[in-house]
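A.B. asks: Given next are the chains, with one letter for each unit.
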Amino acid sequence: MKRSWSMILVVAVPYLWLAAFFLVPFLIVLKISLSQTALAQPPYLPVLDLAAGWRGLRGFVTALSLEGYALLFSDPLYLFSYLKSLAIGAGATAILLLLGFPLAYALARTPQPAQGVLLVLVVLPFWTSFLIRIYAWMNILQRDGLLNGALQALGVVDAPIPWLATDAAVMIGLVYSYLPFMVLPLYASLQKMDTALLEAAADLGAPAWKTFWLVTVPLARPGIVAGSLLCFIPIVGEFVIPDLLGGSQSLMIGQTLWIEFFGNKDWPVASALAVALLAVLLVPIVLYQRQQMRALEGGR
Amino acid sequence: MVRFEDVSKRFGATAAVDRLSLDIFPGEFFALLGPSGCGKTTLLRMLAGFETPDEGRILLDGSDIAAVPPHRRPVNMMFQSYALFPHLTVAGNIAFGLRQEGLPKTEIAERVGAMMALLQLGRLGERRPDQLSGGQRQRVALARSLVKRPRVLLLDEPMAALDRKLREETQFELMDLQARLGLTFVIVTHDQEEAMKVADRIGVMNHGRLVQVALPEEIYEKPNSRWVADFIGDVNLIEGRVTVADADGVVVEAAEGIRFQADATDGAKTGETVWVALRPEKIAIASITDGKRADALYGEVLEIGYRGDVSVYKVRLDNGLVMKAAAANTMRRVAQPFGCNDRVVLSWARDAVAVLTR
Ligand SMILES: Nc1ncnc2c1ncn2[C@@H]1O[C@H](COP(=O)(O)OP(=O)(O)OP(=O)(O)O)[C@@H](O)[C@H]1O
Ligand SMILES: [Mg+2]
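Those protein sequences? They're chains A and B, same order as listed.
Those letters in the first sequence? Residues 67 to 366, by our numbering.
Those letters in the second sequence? Residues -12 to 345, by our numbering.
Hints are supplied without guarantee of correctness; some may be wrong.
[What the hints assert, rightly or not] Which chain A residues stay away from chain B? Per the calculated CB distances, all over 12 Å, these:
1) Leu111
2) Pro112
3) Trp120
4) Tyr135
5) Pro191
6) Asn205
7) Gly211
8) Ala262
9) Leu264
10) Leu270
11) Leu285
12) Leu348
[As the list claims (entries may be wrong)] What follows is a set of in silico ranges between Cβ atoms, one per label pair, in the way DEER data are often shown:
13) A/Ser70 x B/Ser120: 33 to 39 Å
14) B/Ser68 x A/Pro177: 33 to 39 Å
15) A/Arg356 x B/Ser120: 25 to 31 Å
16) A/Ala180 x B/Glu290: 35 to 41 Å
17) A/Gln181 x B/Gly24: 23 to 29 Å
Hint data in this document are derived by calculation from the structure and do not stem from the laboratory.
Quick caveat, the model's predicted, so the values are computed rather than measured.
The beta carbon of each residue, even a glycine, is placed where N, CA and C say it ideally should be.
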């Protein structure tokens, strides 16, 4: 293939973008994570002094330390935050999958004009600000909010339940916010499926539930993997939803990070937390990439 | 074995199957023949359980199967689109049905292996459907439905994508298998030759109805209507009026003044409009050697269609009628016995003439 300048440009722009706004900041964070706190501006040491030349660089490198990372292991608070984030991420993803699969399935089987309308409805929430929608949930979940009002009116509960500032509220917010990210990839893979395959399975003697496990689920696997990772990865690092809907007694990693940065002004530990989070999420991210590559190859 | 009783199936305004009744006998190889869109697939899908008839009943061994779901029917279908499972290997596809029966692993492996050998899929067991050629896919689909040894096997154009040689082999394998296992086969095909070759009986369908159900020879030699005569094989159809109709035979006079003599025919009454059907291969074509004969027809060759084993000559008779006559190419030579514009004489035996009243 001949490479023209316009093609190089088209490829180079996104890479330059990523280099400038992802790689460089990441390197800075990585560097800060290897520094030590200081009462200074910026609040860490060492600072690279290029004017000092070679000696300055050597002094800089020797002053770097792994203390920030050592701190992560010394305080169980951090480990707890990670585990909590992973647990919430896994739980929310499981609920999303259970809710999203039937939704996507019904969507893919709806006859055409209606299917398009329903699909628009799935992405409709994106038309309002994410923050506003979470504030709306705060309103719904508060003590005298809509949810408690409805439950009391129906006679399900006598006294209002404290929803806000609980993990349940975080879960509700997460599931609500991430549902489209689960439904859309599932819908895409279910929609491609040939219904004749379901008939063939029935014809060969498989009852409906077996057809579901032996044919539908395996064929929807790319969608299941893509949807799950697309939800799990950002949920683990989620900050806004747990901060606004969750309590302060047990924090997710995003909140811990925020506190270290802005509360304790401990930039090195906060950076170490961020780097460690990335390391933890690298596994599912790589899995997701591989799945996408395979889907592309198989798609033909 | 299988009985359709006044079965209808409508999609919106179109009746895909229209008050159709049919009996298929145990151990029979039944072929459904008909133009595209006449309802063949719909008929099979109703038997397999994927469509419910709007009217009428379908009986299997004398009992109505309306309430039996597809996965419990002792009927298997080979889909026109194959419908192979893309996530399973060839062997996995073929084994799918046997696994549903809960057979022991060794028996499954044995039967799958035998079926793959039969359909020459030997070395493809670990491939996935998207790594196969069209013909190979078709054989996998055939193997998958055949391996279950169903009471009734429905084959929706099972051999359309096979090359001629493999098709003939598969046809014989099918006939052999059907006879050996005593299964009942219903095959849908576009290929008349195939239907004639494999089937015990043929049903010719048009617009959701069965036009004629008969033995292959009867369908070909004694079509019950112009439409069947025209649909099956090549035919000269000539409109005429019955001038004589008695026990000795029928005489039909065509507009062009030709008189056709035929054996006595049911329903042909004097004065009625009928159609004479004459197959090209039953017309003898010869060059003019001696003088004019009263009972022969003279004409000029318009066009020659060379088909290898036979050549079809389009001849314009002196009275203006155009007829097709076929002659076997018994000699191995490149030059045809007759050329365009040659004068020829056509003749046929009296029993070659079929008189059709509708
Ligand atoms: N699901 C459906 N919805 C609407 N119309 C249908 C449906 N299935 C079949 N038809 C119509 O019913 C008629 C019969 O279709 P069918 O598939 O039985 O034809 P066929 O004889 O199998 O044709 P072919 O030889 O092309 O496979 C056609 O006119 C077709 O358009
Ligand atoms: Mg069909």
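A.B. asks: With reference to the structure, classify each hint as holding or not holding.
C.D. replies: Consistency of the hints with the structure:
no.: 1; hint: Leu111; verdict: 57 Å, holds
no.: 2; hint: Pro112; verdict: 56 Å, holds
no.: 3; hint: Trp120; verdict: 60 Å, holds
no.: 4; hint: Tyr135; verdict: 43 Å, holds
no.: 5; hint: Pro191; verdict: 33 Å, holds
no.: 6; hint: Asn205; verdict: 46 Å, holds
no.: 7; hint: Gly211; verdict: 46 Å, holds
no.: 8; hint: Ala262; verdict: 4 Å, violated
no.: 9; hint: Leu264; verdict: 9 Å, violated
no.: 10; hint: Leu270; verdict: 4 Å, violated
no.: 11; hint: Leu285; verdict: 6 Å, violated
no.: 12; hint: Leu348; verdict: 28 Å, holds
no.: 13; hint: A/Ser70 x B/Ser120: 33 to 39 Å; verdict: 38 Å, holds
no.: 14; hint: B/Ser68 x A/Pro177: 33 to 39 Å; verdict: 20 Å, violated
no.: 15; hint: A/Arg356 x B/Ser120: 25 to 31 Å; verdict: 29 Å, holds
no.: 16; hint: A/Ala180 x B/Glu290: 35 to 41 Å; verdict: 55 Å, violated
no.: 17; hint: A/Gln181 x B/Gly24: 23 to 29 Å; verdict: 26 Å, holds
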